[in-house]
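One letter stands for each residue in the lines below.
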Amino acid sequence: MKKWLMTILLSLVVFSLAACSDDSDSTSGDSGEEDSTSENSGNEEETSSDSGETVALDFWIFGSTGYQELVDEYMEENPNVEITINEGEMNDMHNNLFTSISAGSGAPDIAQIEISQVEKFLEASDQFYNLNDYGANDVSGNFLDWKWAQAQNVDGSFQIGLPTDIGPTTMFYRTDVMEEAGLPTDREELAAEIDTWDAYYEAAKTVKAETGKFIADTPKLVFNALRDQQEQQYFNKDNELIIEETVKEAYDYTTKMIQEGLVGQNELWTPEWGTAMAEGTYATLPGAPGWMVANVKGNAPDASGLWDIASIPEGAGNWGGSFLTIPAESEYPQEAFDFISWLTAPEQQLRSFEIAGLFPSTPDVYENEEFLATTDEYFSGAPTAQIFAEAAQAVETVHMGVNYAVVDTELSTALTNVAVDGADPQDEWDAAVERINSQLERQ
Amino acid sequence: MSEKTGSKKVSISKLFVYLLLVIAAFLSIFPLYWMFVMATNHNSVINSVPPAFIPGSELVTNFTNVINTIDFFGAIWNSLIVSVVTTIGVLFLCSLAGFAFAKFEFKGKNFLFVAILVTMMIPPQLGLIPQYFIITQLDWLNDLKAIIVPGLIDAFGIFWMRQYISSNVPDELVDAAKIDGCTNFRVYWNIAVPVIIPAFATLAIIKFMYIWNDFLWPLVVLREESSFTIQVALRGLIDNYVRDNGMILSGTFWATVPLIIIFLLLNRLFIQSLTEGAVKS
Amino acid sequence: MAQTETTLTTKKKSSLSEKTKEAISAYIYISPFFILFGIFGLFPILFSFYLGFQKWNGLGEMEYVGLQNFEWILTDQIFWTSLSNTLIMWVLGTIPQLIIGIILAYALNSALIKMKSLFRVAIFMPYVTSTVAVAIVFGIMFNNQDFGLFNVILGWLGFDPVSWGTSWWGVKIAISTMVFWRWVGYNTIIYLAGLQAIPNELYEAAQIDGATIRQKIQYITIPMLRPIIILTVFTSTIGALQLFTEPLIYIGRSFREEGITVVLYLYREAFTNLSFGPASAAAIILFIIIIIISSINVFIANRIGR
Numbered sequence: 000m001k002k003w004l005m006t007i008l009l010s011l012v013v014f015s016l017a018a019c020s021d022d023s024d025s026t027s028g029d030s031g032e033e034d035s036t037s038e039n040s041g042n043e044e045e046t047s048s049d050s051g052e053t054v055a056l057d058f059w060i061f062g063s064t065g066y067q068e069l070v071d072e073y074m075e076e077n078p079n080v081e082i083t084i085n086e087g088e089m090n091d092m093h094n095n096l097f098t099s100i101s102a103g104s105g106a107p108d109i110a111q112i113e114i115s116q117v118e119k120f121l122e123a124s125d126q127f128y129n130l131n132d133y134g135a136n137d138v139s140g141n142f143l144d145w146k147w148a149q150a151q152n153v154d155g156s157f158q159i160g161l162p163t164d165i166g167p168t169t170m171f172y173r174t175d176v177m178e179e180a181g182l183p184t185d186r187e188e189l190a191a192e193i194d195t196w197d198a199y200y201e202a203a204k205t206v207k208a209e210t211g212k213f214i215a216d217t218p219k220l221v222f223n224a225l226r227d228q229q230e231q232q233y234f235n236k237d238n239e240l241i242i243e244e245t246v247k248e249a250y251d252y253t254t255k256m257i258q259e260g261l262v263g264q265n266e267l268w269t270p271e272w273g274t275a276m277a278e279g280t281y282a283t284l285p286g287a288p289g290w291m292v293a294n295v296k297g298n299a300p301d302a303s304g305l306w307d308i309a310s311i312p313e314g315a316g317n318w319g320g321s322f323l324t325i326p327a328e329s330e331y332p333q334e335a336f337d338f339i340s341w342l343t344a345p346e347q348q349l350r351s352f353e354i355a356g357l358f359p360s361t362p363d364v365y366e367n368e369e370f371l372a373t374t375d376e377y378f379s380g381a382p383t384a385q386i387f388a389e390a391a392q393a394v395e396t397v398h399m400g401v402n403y404a405v406v407d408t409e410l411s412t413a414l415t416n417v418a419v420d421g422a423d424p425q426d427e428w429d430a431a432v433e434r435i436n437s438q439l440e441r442q
Numbered sequence: 000m001s002e003k004t005g006s007k008k009v010s011i012s013k014l015f016v017y018l019l020l021v022i023a024a025f026l027s028i029f030p031l032y033w034m035f036v037m038a039t040n041h042n043s044v045i046n047s048v049p050p051a052f053i054p055g056s057e058l059v060t061n062f063t064n065v066i067n068t069i070d071f072f073g074a075i076w077n078s079l080i081v082s083v084v085t086t087i088g089v090l091f092l093c094s095l096a097g098f099a100f101a102k103f104e105f106k107g108k109n110f111l112f113v114a115i116l117v118t119m120m121i122p123p124q125l126g127l128i129p130q131y132f133i134i135t136q137l138d139w140l141n142d143l144k145a146i147i148v149p150g151l152i153d154a155f156g157i158f159w160m161r162q163y164i165s166s167n168v169p170d171e172l173v174d175a176a177k178i179d180g181c182t183n184f185r186v187y188w189n190i191a192v193p194v195i196i197p198a199f200a201t202l203a204i205i206k207f208m209y210i211w212n213d214f215l216w217p218l219v220v221l222r223e224e225s226s227f228t229i230q231v232a233l234r235g236l237i238d239n240y241v242r243d244n245g246m247i248l249s250g251t252f253w254a255t256v257p258l259i260i261i262f263l264l265l266n267r268l269f270i271q272s273l274t275e276g277a278v279k280s
Numbered sequence: 000m001a002q003t004e005t006t007l008t009t010k011k012k013s014s015l016s017e018k019t020k021e022a023i024s025a026y027i028y029i030s031p032f033f034i035l036f037g038i039f040g041l042f043p044i045l046f047s048f049y050l051g052f053q054k055w056n057g058l059g060e061m062e063y064v065g066l067q068n069f070e071w072i073l074t075d076q077i078f079w080t081s082l083s084n085t086l087i088m089w090v091l092g093t094i095p096q097l098i099i100g101i102i103l104a105y106a107l108n109s110a111l112i113k114m115k116s117l118f119r120v121a122i123f124m125p126y127v128t129s130t131v132a133v134a135i136v137f138g139i140m141f142n143n144q145d146f147g148l149f150n151v152i153l154g155w156l157g158f159d160p161v162s163w164g165t166s167w168w169g170v171k172i173a174i175s176t177m178v179f180w181r182w183v184g185y186n187t188i189i190y191l192a193g194l195q196a197i198p199n200e201l202y203e204a205a206q207i208d209g210a211t212i213r214q215k216i217q218y219i220t221i222p223m224l225r226p227i228i229i230l231t232v233f234t235s236t237i238g239a240l241q242l243f244t245e246p247l248i249y250i251g252r253s254f255r256e257e258g259i260t261v262v263l264y265l266y267r268e269a270f271t272n273l274s275f276g277p278a279s280a281a282a283i284i285l286f287i288i289i290i291i292i293s294s295i296n297v298f299i300a301n302r303i304g305r
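Residue numbers (numbering that gives the first Met the number 0), protein chains in the order written: chain A, 0 to 442; chain B, 0 to 280; chain C, 0 to 305.
Bound conformation, chain A alone (with noise of 0.2 Å):
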């Protein structure tokens, strides 16, 4: 009797549970069964969108876009077409998307992916459309070639994405330390005087002398600054690694100038790197795209007036920014692709620039006349958008490969490793090619 009164109490126990969460479930917030009741509409539609109802579009972003005021309109003006946006942090969201194409389900019909990771998604094209069957070839000639091909696989036949914003490479400068150092402080002028790296170099020997400050303070922006003027970076169109014939060159330079003393030890995004461009410990922040604005006026806000832009010897590259792409899972991929085209589109671009300060990739943008005039105060009245516009078009078509993390970070070690250890960097140097090649061997 016991035995089944057990039985009875355990399956009391289970439904209870199972109660327990149904009950969460619903309690979870009416907008939990509203997702539900979405997905399944979405079901329904698969059979029903002939009859012109309503399609659903899952959008994944991340960081500030600003892109839901734009979604918001394309709805008004496309009233078939719902899209749900999904923001999160950058990481999470690539995260997400990797395990949904991995394990087969869940994946958006939009997702925004970045620089960093394109090349990883290009490996499992198969995974995505291929953009070039819903028309993407007749948008290209919108977008910086560039940025275009970053979206493609090696022959060009395959187009992931569609580019969003870019991160063109100028050099932000301290207007006071450049003064004391008895260096221009107009910012073509300053430009005119450091043209060359070697000037770059006789600079930062000027600057240590006359005021005891760095020229920079992070040895990997210099680094990073004359690696993206590279051709070929760390790979080769044939995924070999080629970083001894190509970034060495930047690696010495970037020791040579870290032995001298002429270049700070503080690592990006470190609080003592913030605590720097507040008190201005440093002349010169290589490389530095347009998003490094706010970052500069979030570490630093008292400091206005004293920051100016220039361009960066020897020509700029990219740093950041995204593409727009549409996993194979979406049921309407035309669709998607009429919505994304329309928010890359030259006029959307200039939109969510000044929504949100995204840079964008249409050099159609950059021969408008309000756009040229943005100028920024706090950046001693620089005209921002015109200064990262010429960057923009000064940018090499490079390829990056799909390990390209693997090297940077090792390289980014043994750059740290000299900056802060002072150790020898041809040691550093090799100790790095050794890591790096154990975990190529393996992919």
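Hints in this document: simulated from the structure, not taken from any laboratory. Glycine residues also receive a C-beta, built at the ideal position from the N, C-alpha and C atoms. Do not take every clue at face value.
Stated by the list, open to error - Reference listing, derived: stretches of chain B covered by chain A, where coverage requires no fewer than 3 residues with Cβ under 8 Å from a Cβ of chain A: (1) 14-26; (2) 131-140; (3) 215-222; (4) 241-252.
Could you slot chains B and C onto chain A? The hints should help.
For chains B and C alone, coordinates are given in the frame of chain A:
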């Protein structure tokens, strides 16, 4: 005389114990205090060297920014549901299983117990993709069930309950209750449960805090804002390239406050059960 | 004693059915764990085991490669570094945490202390504090530069500043301190629950017999607490061997050799280098190591205080 030195000895050791506890309490609570300080300051103050040690004036501004960026209270509500349901479920299931392992004899007992312990030894990080796959097969994406049900698997909880019950529930009591004709479940319910309230309180505190603060798994399976738990929602405060640490820590700090309240409530239970025990004996 | 004898005799009447009933109840009580684990835990484990013999980047097709992955891992010097790092940090972070945990629990349980709940809440706070805050706070304290809190303290004591983030011992000490700080309160609460279950009468009786504090601890506290001590030693050893969150917070995605742990190593292989095969092989090797160390652990723990 001897009494006097005795009391002196007591007071010295008492002083020593107090000193130890004060130091430990200070070191433990300091980061939390600092989090509060940072939550009330502007980002630039947080990054300054040396950092601020006294609260600033941005308390309201920072929290307003949090509320404007994420659905803070909705996420707190989801977290409460998940944490409460999981904790209650774990307390019940683990104490039942722990009771069985501690007081019952059955075939394969040792083997099954070791099997439970072995499940703890597998590094969980790689299971992410297959586990996600199971959740999608169950159609539990964006559903709090995806957190609650796997959360009920708690090898530590079973281990804990078994250890506690085996040393604190006397065999004599269990046997006596059986002679009185109690069913096995009644033995558990009437004999074991009242004795192990402190064990419940301990496990509840640990489990609740764990579920509340966990974000690795929720991040994977909760993708729609309406289903976000607080830790997932807080991730949304981290911007792409620009970090407002003042806002981030403000959200983080206020998300900790409910935990402290829960802890105080359970703490009371902890003490109550003790005094009850004292009265009984 | 007499009571148990009588129970035994009365029990004998329906002995067999009583036993089976007990067994059936037991199986039912423990079944939820195994059912849920079968659904959510078993498949991932089998999958990882399978992956250990495959080449897979997480997105494309799998390819059987035999023991290649294991060979790679076992001949990778960084894997062995990660293993020795893990063991060193286990000794530095976990063992002191258990000892201090017992001492704090004993102090909190002592009848002399007022404001117990206040102290209890305070000491448990590190477990409640979220990792975001921990990362920032410890990043500032273990700053490489002279103004970092710990370097300032070293300066007072007349030592040179340490580059915590890059030096061989600096990284390990910083991570171990974080582990220690985060988990002392957790273990204290567990020990406290165990201590509170020890009846006061035992101590009172010992007091009458003229026992010293040390004798009381040796003959009452430790033996009564033994099951709980075994539990904490066992679980914290596993936790230490699977150390992941703290080093990830402290060294971040640089995966520096000085601070990389085994789980961080396999995490890097899988999710940043997309080598799921070698990552799974490393997980299997770690699993075997954990089983061996846990067995030794349990063996020793069983002998202590017996």
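Tested hints:
no.: 1; hint: 14-26; verdict: violated (count 0)
no.: 2; hint: 131-140; verdict: holds (count 4)
no.: 3; hint: 215-222; verdict: holds (count 3)
no.: 4; hint: 241-252; verdict: holds (count 3)
Hint 1 alone, counting from the list given before, is not met by this structure.
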